[in-house]
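**Student:** Going down the list, the protein sequences come from chains A, B and C.
All the letters of the first sequence, read from the start, carry residue numbers 175 to 553 under this note's numbering.
All the letters of the second sequence, read from the start, carry residue numbers 2 to 256 under this note's numbering.
All the letters of the third sequence, read from the start, carry residue numbers 371 to 696 under this note's numbering.
Hints were generated in silico from the structure; no laboratory data involved.
Every value quoted in this text rests on a predicted model; they were computed, and no experiment measured them.
Note that beta-carbon positions come from the ideal geometry of N, C-alpha and C, so glycine has one too.
Below, simulated BS3-like cross-link-like pairs (lysine-lysine); rule was C-alpha separation at most 25 Å, straight line: (1) K44/B / K213/A; (2) K581/C / K231/B; (3) K252/B / K581/C; (4) K667/C / K434/A; (5) K188/B / K44/B; (6) K150/B / K568/C; (7) K604/C / K581/C; (8) K580/C / K229/B; (9) K515/C / K209/B.
Label pairs and their computed distance ranges (CB to CB): (10) K454/C / P57/B: 33 to 39 Å; (11) G226/A / N221/B: 54 to 60 Å; (12) E498/C / P57/B: 30 to 36 Å.
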Amino acid sequence: MEFSLTKEQKEFRQEIIDFARENLNDSRYYEEFSMDMWKKVSDFGLLGITIGEEYGGLGESYETAAIAFESLGYACKNNGFIFVINNHIWVSQNIIYLYGSKELKDKYLPVMVEGKKIGAIAITEAEAGSDAFSMTTNAVEDGDYYVLNGTKMFISNGPIADIFIVFAVTKEAPDKKVTAFVVERSFEGVSTGKDIEKMGLGACPTSELILNNVRVPKENVIGKLNSGGNIMTGAIEWERCFEFAPHIGVMQRVMEESIKQANGRKQFGKPIGVNQSVSHKIAEMEVGIEMARLMLYKIAWLKDNKKSAYLETSIFKLFVSENYIKACRDAMQILGAYGYTKEYDMERELRDALACSIYSGTNEMQKNTIYNMANARCI
Amino acid sequence: MKIVICIKPIKSELIYPNESRVEDFLMNPYDLYAFEKTIELKKLIDCKIICLCMGPMSSKALLQKAIAAGADESIILNDDMFRGSDTVATSYILAKAIEKIGNVDMIVCGRRTIDGETGQVVYGIGERLNYYCLPDAAEILDAQDSAIKVKQVKETEIIIGKLKTPAVVAFYDFVVTQPQISLLALKRAKKKDIIVWNAADLEVDASKCGLDGSKTKVLNVQKEIVKKPKSYIEGNAEEKAELLYNIITGKAHNS
Amino acid sequence: MGKDIVVICDSQEYDGEHVLQIITKARSLGDKCDSKVSALCVGHWDDGKADNLFRYGADNIVFCRQDQRFDTPYFVEIIADMVKQIIPKIILVPATVIGKMTAAILSTRFEAGLTADCIDIDFDETGELYFSRAAINDSVIAKIKCINCSIMMGTVKKDVFIKKEYDRREQGTIEEFTYNGIEEKRSDSWEVLERIEKEVKKDIDINSYKKVFCIGRGVKNKETLERIYSIAEKCGAGVVGTRAVVEEGFIDKARQVGQSGKSISPHIYVSFGVSGASQHMVGIKNAEIIVAVNTDKNAAIFDYADYSMVDNIEAVLNELEKIAEA
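Chain A extracted, bound-state conformation (with noise of 0.2 Å):
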């Protein structure tokens, strides 16, 4: 096992860094999607990162690219953004990269990775939640297409994308089965409704996704048929490894900030950071920082070499949103009453921070799967 990153890690690091401050931290854009910096991360060649030359991504391994993250993360302020990019990398694309046929590489790859088209995953429905099994959008066959109907909520990217990758059910209960398809927005009876206002994240605009007889070609099925299940949990291994990852860059930022203050601000005649209450605090971020680094950087090795971490994303989900929200809170109380201001950008990073305990699988979820998984190793 190796833990220090090699040269061109590092070089690659300093790369996205010095993107991300360059062209990605633009207030005008911390509350809406901005189309001229996706063209920037286009060009940039970001969105190609473990997507094989072939394809004309670059073909990095999954350890550089957690590398990778974690730098954005800490570089690029708008967390929504970064969202946004998450969304279309890791779970449409890869999922075509991954599961998809030659045919549907072909056709969906090169787009996506040059940034033309723009990805998201739909699951969730509006009683279908962290119980994504009990998804009533359908797929029924019809000659050379399936023709799907229902409705998919919450959507991230909804508004902007291009290619959604959706999950239906093709066979019902009792041995229901799901299939993933590539749906285009263009597919008539393809529509988006209004971009849903949250509490954080404006930078990634969310809606519904309505399918009304929307005839999907044959060929558009990732996959095999009824295989959507699948699909679905690789997906959610990939969300939770890569979406978290750039929280890590975003703990460090907030501790940075944080020891700026500590040191800096000085009450009763000396700096707050000579109270423990203070300095403990910013202990605690550290901890959390190295201690989900390393698991990062195992999950990014499993995946490397092909295996499942299942188990792993789900503890590392779960560990990182408890402490990215509580560095957050811990931040804003040692800014004191700056923080809460809207001219200091911590209030809006615990706002972004703060859906982190719920997207991807709650984190109640990943604690019944946590246990779940080290029971059956018990038994």
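Put chains B and C on the given structure of chain A with help from the hints.
**Tutor:** Showing chains B and C alone in chain A's frame:
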């Protein structure tokens, strides 16, 4: 057209004083401006752009970036003998390298370096190679095989002129942001070899290189700016503004 | 080895202020080492101008008459020819674009040590000549000595020496110089097609301000900027800025203070939202009173300020506006 761009590697902490960076060296910001303007020439004319850099081997990274950004080739001039070269020695070594490259139509330089800050090497190269030296270039507007059309920015006027090659062109401005290079281009560039030439390759006269060949020597440096003890002014914005106004209007005196 | 000190006079105005400053310095060096000071000039002959050069300390004028307009490479060749005949010990040149070019070419041709942008030139305890210049973002002063060479050269910045009339005992001499070199050796390489007068933006001399308001990155919108301008006007202050705001396009490059801009020495300097990077601070090191307003208590500028005000810029401006209007 064969073009050589002379690039000085600058310690990265000089460019980013408050950051710890992975690279030891970055391109001199004046050279970077010249580089970016020269790369645009590729759109106008078929040309070969060679980056020439005298410096440590760890300048390799910045030269790879130059290739990623559009240069065709990069050469490092590295030899213990070159160390400590002043402007006279530097222009000698660079001129020898340019002669070795051969048939160079245009030599491009930044106005000066941000560490040396002399701006002398440009003319030294021109003098040694007997090339005309055009300072204050802002942009290359057009190019043919034997001449380029240049916009020159002087203090009081802008001059559009035709420069016959061979010639040395020095650009007047600098850029501080690192060039935006796509990760893919960078990955490809890293696979390309960087040529390294030493004193023997250049067939230089040792007495003209490095400290031996230098005509100046830095004796010592002294820090200049002095910090003062911090004196925070208490009070609300109104009280501060009042003090501020009194200072400006001379009603308050610094005690 | 030569003994003379020569000053290369400006190709446009051979008795300009800058040249006279250097002649004065050369004279003082000449007195210390018992050397003759020669002024090298190219251009129209003018008795008054020649007198000027003598008055400030030249012993000798080497003059090449050129009544037609001449270009820089030609000028350099004439000067080089003069230098070849005199073989001086020290050559001082104004640090203008043409002066620097001339100096760099001569340094290469005569293998002479050359220091750029000198702010001081003198002899040390051992009687050896040294040149001083600002280096590394103007943050330090470097002392430089010439080695391995017989001619020592320096280009000299404007306004670092003060011109002083010299109490002369004997009449100066004038040498007419005829240049026999090849006419305009490389000049035909460059052909001017078009000259465009630059919009002369009322040549802003930020050095004339006794009081300045300086804008930094902390000023985030044009509205605040305009308010600063209007308050500055009421207070009789000029407005300058850091490189960051110049790059933002908030203010003109001519108003940029710091390493890559200008150096100023106002009586009072008030900064709004300036972080205080050393590259900026070198430009105001001669300010007498420094007042800094910044929201960030840890801003580096507070290390240099006489009055440090940690506050919201807009809030302070609001109050300042009220007071200034009252």
